[in-house]
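Got chain E; can you put chain W on it based on the hints?
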Amino acid sequence: MTMKYIDEYRDPELAKRIAEEIARLSNDQPLKLMEVCGGHTHTIYKHGIEDVLPPNIDLVHGPGCPVCVLPMGRIDDAIAIARMDDVIFTTFGDMMRVPGSHGSLLDAKAEGADVRFVYSPLDALKMARQNPDRRVVFFAIGFETTAPSTAVTLLRAREEKIKNFSVFCNHVTIIPAIKAILDSPDLRLDGFVGPGHVSMVIGMRPYNFIARDYRKPVVIAGFEPLDIIQSVYMIVKQIREGRSEVENQYARVVRPEGNVKALEAMARTMELRPFFEWRGLGFITHSALKLRAEFADWDAELLYEVPGLRVADPKACQCGEVLKGVIKPWECKVFGTACTPETPIGTCMVSPEGACAAYFNYGRFSMAAERHKLSVLQTSASTAQE
Amino acid sequence: MPQDANHIDDVLKKIERTRQARRHKFYLRDEKITLSHGSGGKATHNLIEGVFAPAFSNPLLDAMDDAATFGINGTGERLAFTTDTYVVSPLFFPGGDIGKLAVHGTINDLAMAGAQPLYLSAAFILEEGFPISELRRIVASMATAAKEAGVTIVTGDTKVVQRGKADGLFINTAGVGVLRATWPLGQTQLQPGDKVLLSGPVGDHGIAIMLAREALDIDTTVQSDTAPLHTLVAALLEAAGEGVHCLKDPTRGGVATTLNEMALGSEVSIALSEQAIPVHPEVRGACEILGLDPLTIANEGKLLAIVAPEKADVALAAMRNHPLGREAVIIGEVQAEPAGLVFLRTDIGGLRVLDMLVGDPLPRIC
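Protein sequences appear in the order of chains E and W. Note that the numbering used here gives residue 183 to position 183 of the first sequence, counting from 1, and the numbers run on in steps of one. Note that the numbering used here gives residue 557 to position 171 of the second sequence, counting from 1, and the numbers run on in steps of one.
Here chain W stands alone, though its shape is the one from the complex:
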């Protein structure tokens, strides 16, 4: 369509202007909360930017990273602080349960800030009638997960609501850790030329949850990848030091949403190779059947690292030396232009935009 090139240019400019305008002005048009607002995708983004961010605005929050980091008067030490709530359904799924997820998720939020996780809190919202035996199983699973990860659960809370007012139980965990990274780390730190590293195959957690739900009668061995990533992060920081510019675990919204947040946060472009991105055959199969893109499916034990080009090889080697990074790969590169967009060189050699997840293929994934 070469004859349309000028027109396309105009349209692209128009869209870009709209994107720019919307980036800083979030019109939350919805009058009620819908499940999309919990998807981790664009609607969640709009809700945060439209309701929470303006009300709570401060420099620590406005960084919009997985955890807030701050110094303690005079000690020179810096801490990372984060919280997360877990509403996954079903409570038990192949590869894990809500308790394990609640420990790993908060550990990972701290780890992505470049911190060594130390202490967690655990708060429970229990529904009247919930079997104590199941609660015991979940709590035991949390205890094991915390012990294995070397963190301690030091405070907690319990609330009970009437039958029908909560679906079994919900868990909130918060966590603090000591910052290891002494340099700025986060989604505003991407630079053109940086490499994009991924620690392993994507989509396992979301597909495991989806297939565990009753509505889908598909036999499978897909397991959630839930895992604490702080030791993998430690190895990565040890090897590549200040060469590590950003760490994120692609949970809700998957790799696609996480990389879009980075591209927007740093006003850069990210170019990916679809062929380089590992996906387990079973996950790929399920995605084909269900019409989903593995790149928008949640993970709970994978990380994306943005690393300076000269440190990319040592970073990759360090990840591959760690049990949770054996299948780590470089999947793409950061570029200056066109800012705010993620591109994918597709499996058959085409090129397309990889956008954030819109709508929710699957509510209550974590």
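Bound-form chain E, shown alone:
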């Protein structure tokens, strides 16, 4: 499990050179680029990439954090299922702390609900096998990145006739969300850093309309710091040359046609919902997946009675504007004061992929720090390496 190869994507000298090239190409023209994927947001802040890029490049953090876009009502539904007798409710770790209208899954767990975190839906299925007298529910969230593993798990559950397992499906699809953002009147974007993991599944073709109809460059990017910096360079180069195309910076992983097998598994188990509510973006047509009728026996939405209410976001919370890139996280009224990672109000503060949490944890003081001229860092680094 050694990971020697990551170092070549983290070369500070190379990063600096590309950043200089970006500055030269963009010629101080202010550019707003949206990274759609929450994984990118996380990388950007974890590695301080905004600090490396020239100041005229403004990265806007899009709706690609699955935890952040899930409306509160769905979390309330999840908690209602988790509280039921003999249910083992399984979820990814991130979801545990997301507040519903009356507390989070973590709170429900503290009050006696059997909530457990898993790394994969297959772990949840394993749990169902091991606990035949309990009903195991998997809280499925995420884009096309995680949907295939839910699909494969469902197929396996059916094959093995495991009836005490079900899926509470909240999978969403990225393309309708991008379209909703492009159609949003209060937005001005110059290009997109395309989501690498989603594209691994869906391929490059679904983005064509962005380049063709909206004339915005799209560059599908990997998740290492240099991947992102290089993608920004490729977008700026397109803008400079007056092009708008879908390019693939992440060719070592993303194939133009995507992953046909994964798409097949999804198509066999799931179908589009007519519409689905996105936190901050409202209802978007054909933007989410539900289980097909032949999987009704594994569909938690049909098996359990849930409140199913639509819950308005807390008034102070501006997650919606943050998700659309209308405001920066720190422009939200409650950012960093009432809303912090330990006491999140909006979902953007909960997941480490959420724009607000990423900004709070990593980015918050980068400008202040620059002002304090932390030049000693170089000296300590050189002493340390002698």
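No wet-lab data here; the hints were simulated from the structure. These numbers were taken from a predicted model, which means no experiment stands behind them. Where a beta carbon is used, it is the ideal one built from N, C-alpha and C, also for glycine. Certain hints may be false.
No farther apart than 16 Å at their CA atoms in a straight line, the calculated lysine to aspartate or glutamate pairs in the EDC-like style are these [unchecked claim]:
| # | chain 1 | residue 1 | chain 2 | residue 2 |
| --- | --- | --- | --- | --- |
| 1 | E | 109 | W | 417 |
| 2 | W | 418 | E | 190 |
| 3 | W | 418 | E | 111 |
| 4 | E | 109 | W | 543 |
| 5 | E | 261 | E | 245 |
| 6 | E | 237 | E | 190 |
Just a sample of chain E residues kept apart from chain W, beta carbon distances all over 10 Å, derived [as the list claims (entries may be wrong)]:
| # | residue |
| --- | --- |
| 7 | 52 |
| 8 | 83 |
| 9 | 225 |
| 10 | 282 |
One side only, chain E facing chain W, incomplete, derived with CB under 7 Å [what the hints assert, rightly or not]:
| # | residue |
| --- | --- |
| 11 | 10 |
| 12 | 12 |
| 13 | 15 |
| 14 | 47 |
| 15 | 48 |
| 16 | 49 |
| 17 | 51 |
| 18 | 102 |
| 19 | 106 |
| 20 | 110 |
| 21 | 342 |
Relative to chain E, chain W alone:
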């Protein structure tokens, strides 16, 4: 975003005011204990400051160091006293077991206070049905760990609870030691200009535990780094004397949380270089896969030393001469401003805040 600079300034001021206000007033909003309260991160902090500190408040406790230190009437000797409870799951893991950990952990708490550990207590909470053979193995491991470290287990206690009321067994150890450091040592003693020394690669213990758990089927050779650090501390104090301002072992919450506690405790800033911080490739790999930051992962055999700049080189040399400090490095420096914050110059040359661990990626690590 130069046009936003003024606005950012305002926001930063607002956040800073909130941080200041919260630093001295802990609003424990939670109504029930959640696993986050045991993470060693912010929630633990809030629990301690919100419940225990106000009830037990006294000068010795309020220092919030790993061990309390006090004089004995008239003798001139000073003692260090500490306690710690171990609930790690699984009980046996690559590189150690709960017994070894219970001995090393308490030795290390004494060592970080600048003390020579002498005597330990050991108390066991056993669950009905727990195999005696496993208990024997754990106790034998404790005995070996104590003998190797030159400490004696001199008192103890045993309780048994019904099946289902404890997960196998829990161990509490307390320890006393004689203080070596005659000068103030602790998280309030950092001064601008001090160097930050780290005794070796970080993240081994937490990742070893995580990978040992059944849910993750990853093959690996990562081992817990659990080790008694008192002889390394002795070597360090011998070499750098009063130049040593603070010692901490970055256990739960990792290097990130420990350094934040120091920055808050001394009202200083700490600037780190990510490239200087050693992480074993396997640990780094596991962190990449699991989306974790090695700087927030627990260690059980590493220490952070804050040393005056003029003594940093001799301190580093002394650590590198010790088997547990062979890979010691200087990872950063203490600065006056902005107080209470830890910064990281990232691997690709960016700059970011390094915050305390929030939430718990992994309960029951020690």
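Hints and how they fare:
1. Only pairs whose Cα atoms come within 16 Å are accepted, and residue 109 of chain E paired with residue 417 of chain W is accepted, the gap being roughly 13 Å.
2. Taking the CA atoms of residue 418 of chain W and residue 190 of chain E, the gap is about 47 Å. The hint is violated against a cut of 16 Å.
3. Pair hint residue 418 of chain W plus residue 111 of chain E holds up; C-alpha atoms about 8 Å apart against a cutoff of 16 Å.
4. Proximity of residue 109 of chain E to residue 543 of chain W is assessed by CA-CA distance (about 32 Å); at most 16 Å being required, the pair is judged violated.
5. Between residue 261 of chain E and residue 245 of chain E the CA atoms are separated by roughly 26 Å; this puts the pair beyond 16 Å, and the hint is violated.
6. At roughly 12 Å between alpha-carbon atoms, residue 237 of chain E and residue 190 of chain E fall within 16 Å of each other, so this suggested pair holds.
7. Its beta-carbon lying about 5 Å from the closest one in chain W, residue 52 of chain E breaks the requirement of being farther than 10 Å from that chain.
8. No beta-carbon of chain W is positioned within 10 Å of the beta-carbon of residue 83 of chain E; the least distance is around 14 Å.
9. A cut-off of 10 Å between C-beta atoms contradicts the statement that residue 225 of chain E is not in contact with chain W; the least separation is 4 Å.
10. The Cβ of residue 282 of chain E lies farther than 10 Å from every Cβ of chain W, with a closest approach of about 27 Å, so its non-interface assignment holds.
11. Taking 7 Å as the C-beta contact cut-off toward chain W, the hint placing residue 10 of chain E at the interface holds, the least distance being around 5 Å.
12. Against a cut-off of 7 Å between C-beta atoms, the interface hint on residue 12 of chain E holds, since the closest Cβ of chain W lies about 4 Å away.
13. Among the interface hints, the one on residue 15 of chain E holds; its C-beta lies about 5 Å from the nearest C-beta in chain W, closer than the 7 Å criterion.
14. At its closest, the beta carbon of residue 47 of chain E sits 5 Å from a beta carbon of chain W; the interface hint therefore holds under the 7 Å criterion.
15. Interface restraint check for residue 48 of chain E: the shortest CB-CB distance to chain W comes to about 2 Å, inside 7 Å, so the restraint holds.
16. For residue 49 of chain E, the suggested interface contact is upheld, since its CB lies about 6 Å from the closest CB of chain W, less than 7 Å.
17. About 4 Å separates the beta-carbon of residue 51 of chain E from the nearest beta-carbon of chain W, less than 7 Å, and the hint is met.
18. Because the beta carbon of residue 102 of chain E sits about 12 Å from the nearest beta carbon in chain W, more than 7 Å, this interface hint is broken.
19. Using the Cβ-Cβ criterion of 7 Å, the hint placing residue 106 of chain E at the interface with chain W is satisfied: the shortest such distance is roughly 5 Å.
20. Interface hint at residue 110 of chain E: satisfied, since its Cβ lies 4 Å from the closest Cβ of chain W, which is below the 7 Å cut-off.
21. Among the interface hints, the one on residue 342 of chain E holds; its C-beta lies about 5 Å from the nearest C-beta in chain W, closer than the 7 Å criterion.
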